[in-house]
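Student: Listed below, chain by chain, are the residues.
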Amino acid sequence: MATTPTAPLDAPKPAAKTNRIGLQVLDYRGGKTTLCAGCGHNAISERIIDAFYEMGVQPERVMKLSGIGCSSKSPAYFISRSHSFNSVHGRMPSVATGALLANHTMKALGVSGDGDTASIGMGQFVHMMRRNLPIIYIIEDNGVYGLTKGQFSATADIGSKLKTGVINDLPAIDTCALAIQLGATFVGRSFSGDKKQLLAMLKAAIAHNGNVVLDVISPCVTFNDHEGSTKSYKYMQEHDEVISEVGFVPYFQEIDVEYDAGTTIDVKMHDGSHMRLRKLHENYDPTDRIAATTALMSAHANGEVLTGVFYIDTQKPSFTEMLNLVDEPLGTLPDARVRPGRAALDDAMQRLM
Amino acid sequence: MATEDVALAAGTESGTLAKPDTQQRAPQGNIVNDLSIQIATVNGSGSQSANLVLLKSIFRMGIPVSGKNLFPSNIAGLPTWYTIRASKDGYVARKKEIDVLVAMNPETSKEDMLSLPPGAAAIYEESADLKQFRNDVACYPVPFDKLTAAACPEAKLRKLVKNMIYVGVVAQLLKIDMTAVEAALRKQFAKKTKAADLNWGAVQAGFEYAATNFTKHDPFVLEAMHATEGKIIIDGNAAAALGCVFAGCTVVMWYPITPSSSVVENFIDLAKRYRVEPDGKATFAVVQAEDELAAIGAVMGAGWAGARAMTATSGPGISLMAEFAGLGYYAELPGVIFDIQRTGPSTGMPTRNQQCDLLSVAFLSHGDTKHVILIPANVKECYEMAMAAFDLAEQLQTPVFVLSDLDLGMNNWMSEPFAYPDKPLNRGKVLNAEQLTKLGGFARYKDVDGDGVGYRTLPGTDHPLAAYFTRGSGHNEKAQYTERPDDYLNNMERLSRKFETARSLVPRPEVVQTGKSKIGLIAFGTSDFATLESRDQLNKEYSLDTDYLRLRAYPFSREVHDFVAAHERVYVIEQNRDAQMLSLLKLDLQAEEIVKLRSIRHFNGLPIDARSVTDELVTQEGI
Chain S
1 MATTPTAPLD
11 APKPAAKTNR
21 IGLQVLDYRG
31 GKTTLCAGCG
41 HNAISERIID
51 AFYEMGVQPE
61 RVMKLSGIGC
71 SSKSPAYFIS
81 RSHSFNSVHG
91 RMPSVATGAL
101 LANHTMKALG
111 VSGDGDTASI
121 GMGQFVHMMR
131 RNLPIIYIIE
141 DNGVYGLTKG
151 QFSATADIGS
161 KLKTGVINDL
171 PAIDTCALAI
181 QLGATFVGRS
191 FSGDKKQLLA
201 MLKAAIAHNG
211 NVVLDVISPC
221 VTFNDHEGST
231 KSYKYMQEHD
241 EVISEVGFVP
251 YFQEIDVEYD
261 AGTTIDVKMH
271 DGSHMRLRKL
281 HENYDPTDRI
291 AATTALMSAH
301 ANGEVLTGVF
311 YIDTQKPSFT
321 EMLNLVDEPL
331 GTLPDARVRP
341 GRAALDDAMQ
351 RLM
Chain B
1001 MATEDVALAA
1011 GTESGTLAKP
1021 DTQQRAPQGN
1031 IVNDLSIQIA
1041 TVNGSGSQSA
1051 NLVLLKSIFR
1061 MGIPVSGKNL
1071 FPSNIAGLPT
1081 WYTIRASKDG
1091 YVARKKEIDV
1101 LVAMNPETSK
1111 EDMLSLPPGA
1121 AAIYEESADL
1131 KQFRNDVACY
1141 PVPFDKLTAA
1151 ACPEAKLRKL
1161 VKNMIYVGVV
1171 AQLLKIDMTA
1181 VEAALRKQFA
1191 KKTKAADLNW
1201 GAVQAGFEYA
1211 ATNFTKHDPF
1221 VLEAMHATEG
1231 KIIIDGNAAA
1241 ALGCVFAGCT
1251 VVMWYPITPS
1261 SSVVENFIDL
1271 AKRYRVEPDG
1281 KATFAVVQAE
1291 DELAAIGAVM
1301 GAGWAGARAM
1311 TATSGPGISL
1321 MAEFAGLGYY
1331 AELPGVIFDI
1341 QRTGPSTGMP
1351 TRNQQCDLLS
1361 VAFLSHGDTK
1371 HVILIPANVK
1381 ECYEMAMAAF
1391 DLAEQLQTPV
1401 FVLSDLDLGM
1411 NNWMSEPFAY
1421 PDKPLNRGKV
1431 LNAEQLTKLG
1441 GFARYKDVDG
1451 DGVGYRTLPG
1461 TDHPLAAYFT
1471 RGSGHNEKAQ
1481 YTERPDDYLN
1491 NMERLSRKFE
1501 TARSLVPRPE
1511 VVQTGKSKIG
1521 LIAFGTSDFA
1531 TLESRDQLNK
1541 EYSLDTDYLR
1551 LRAYPFSREV
1561 HDFVAAHERV
1571 YVIEQNRDAQ
1581 MLSLLKLDLQ
1591 AEEIVKLRSI
1601 RHFNGLPIDA
1611 RSVTDELVTQ
1621 EGI
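Going down the list, the sequences are from chains S and B.
Under my numbering, read the first sequence as residues 1 to 353, first letter to last.
Under my numbering, read the second sequence as residues 1001 to 1623, first letter to last.
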């Protein structure tokens, strides 16, 4: 093909920016979103792309899992090079559990919504946390059922109002408070509009080996972004109370020392990374689940939406570690390691004679 | 629980109305190696060990034997019956008539006694004085408490040891070889020598008492044969578990439910023995789920990620699994689901038998969904079909159901030893990174080979083109979301073709056809035992020859059409009210074949017996 070069042939093209495994951010992209313009979920998808790119995670080592709903559609819109499983409503945790048992060497990322998690999926959500299943479980939380056109979900705040004027008269379920109580080992809340905080939290989540529950407030521009909604952009901007600024230093970067030791907590993650929380609330200790629960309850009483990393436990073994499995993925072990020999069958028969 | 609320006479065919069986008996002469013993006890009294010792003693004498536990849905306190059938002809179906009763449960002893046919024998606690109810039954009263106290100085063990007294009494009366009894007992207690000695003492005390005090006046005796040499005794659930271990099953997620729990419990025991590597690490994961939805969800997730995964359940669990079963069908995920059927509908009778989930499993889930079903009829097939199910699930990329039932799953059956699998695992069409490079990519749901089965990749495959998007929503060949009518039709038609492929891959029926008989019988699963015996009865008592086809899988293969076409009347024998297998056959057969179908059903919760089949067939034939 005839071309007209615009630069001298011998001049090297400016290298595209790559991460530590040589991939471009493009390699983490997905299909074009079909969600509404301005949907908080799209911003979360963008942060997921950034986080996995910046952490240099091989896309082929990631499994994306979701349930049903607007949020659960979003795995189609990021990291196309990862296998993805859009399962059934509220039951993604069980699918993830099976997938991780089959291959415990993979990084699992679950995307759910407030309906998918706190209503139809509550049973599986609870048991996923109790098992400390090693998955990053993101709740894209808008307090409303979007795909069925705007019914309240169980995370909608009491007194919040639908566009149609209907007022929610039941209390919200605080998924983070539940997560802390039930055994998740990394619990945080963020806001889809807070790029910096969300990105840092996602990167720390990638470094964590255990159950990560991130409740990300993600306004629904179509059904729940109006006056009277407590999951709107405006409400969040006015009521977002940050407990700590999340900083994150991946294990492959040098740790800089410019921080004030008196107001910062440094958490060493499983892979050697460091998460640094600059405390904005006094005496906040993210390893103390009682304090974390108290902080959440107090915020509710004050009408604040607390964001940040509330709780972290890097000691508790993950579910797949507890099972004492062989190092390789169970699913692809060779025949010889999963089918016992003739002697074993002879032994079994002898015992039955 | 107030026992008066419970109908107690589960041991009799006619519910609470006990009436003697009318079977004719030879007035004199011994009846050798053809009898059934019923032991009536109280649930939780620890009679299981004693019953197994009896069963295995008879087995060790070389006599074909089977054992059935008829137990209540209860932890302790309700009546339970254990039936042992010894049959020189090798019949193992439930026998309607009881020949020897061991009445250990005062709550039911009168009724148990009344239900005996004339000429039967009864062993019972002396103080119960059951003789007053029947003068046509041979009575052997035993002072159980007195004998137990003498044999077992420790009062708290007496309840258990008491059961061994009746083992001794039965052994003496039926002439069971005491060396066989001791060998069976010592194997059962394995390394617990002290317990074995104590129990053996009790057996001897029972034997001595009977020898000293009874004159035998019933015809039932056992004589050594050579029909059990080299055979094993196992229940169907343990056999299925063994099949899973040798099928290379790596992921199990389950929710306990009677009568399926022992599939997984056996798997755990066996896998700990045979599937732990020298460094102590396991090549399997077993997780108890929060419910059946999670259990099958995990099986689907594990199958997607490349594991051979299974769960075991029963009717109520099957209902809960419906949604995921549809996902498995449509998103094409391998997985194995054991349904150990029990009596429905709803909670039904959890400890009673039926073949009642056929229709619900065949079409489990909404939309146009259909499933591959394997139907084992004996313990050997439980083992073999467990292995076949994993191969088929991966070959066909779909959930495969194994339909067993309580009778097969929880009762002890004699069998030839199981054979070591002669073929390697068939892992189906899975592309690796190298193949992807050669192919330059793939389309997950494209029918490349014309058999309806596409190629898949597993998460973790190290290739940028390996990933695809799995979903239960509409998808095209490339696994992309679609609402296009042509994409949808193509995909659904391909799934139909895949089901046709399944037809040729599933186990074929077993056919016994002489070409001379106008009457064909069709049965499946545990209805096989009664059908085999009934064919002999029809032949001997009515000179009626029948051909027989035993279904072993759904979808049906061609042989079924040929069999129906070759007969004037075809009786479908099954254990449910609504003739579910017959309905399923109707969907496949032509109109001129359908009119030939007749139905024989047995669905009172007790395993089907030969006499019921014979009587019903003779009535319908107008003989």
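Treat the hints as calculated values from the structure; they're not laboratory data.
Any given hint might turn out to be false.
BS3-like cross-link-like pairs, simulated, lysine-lysine; straight-line CA separation at most 30 angstroms [stated by the list, open to error]: (1) Lys268(S) with Lys1272(B); (2) Lys1478(B) with Lys107(S); (3) Lys1146(B) with Lys1216(B); (4) Lys32(S) with Lys268(S); (5) Lys1281(B) with Lys107(S); (6) Lys32(S) with Lys279(S); (7) Lys107(S) with Lys195(S); (8) Lys1438(B) with Lys32(S); (9) Lys32(S) with Lys17(S); (10) Lys32(S) with Lys1281(B); (11) Lys1438(B) with Lys1498(B); (12) Lys107(S) with Lys1438(B); (13) Lys107(S) with Lys1146(B).
Student: Where does the structure disagree with the numbered hints, that is, which hint numbers, in rising order?
Tutor: 1, 4, 6, 10, 13
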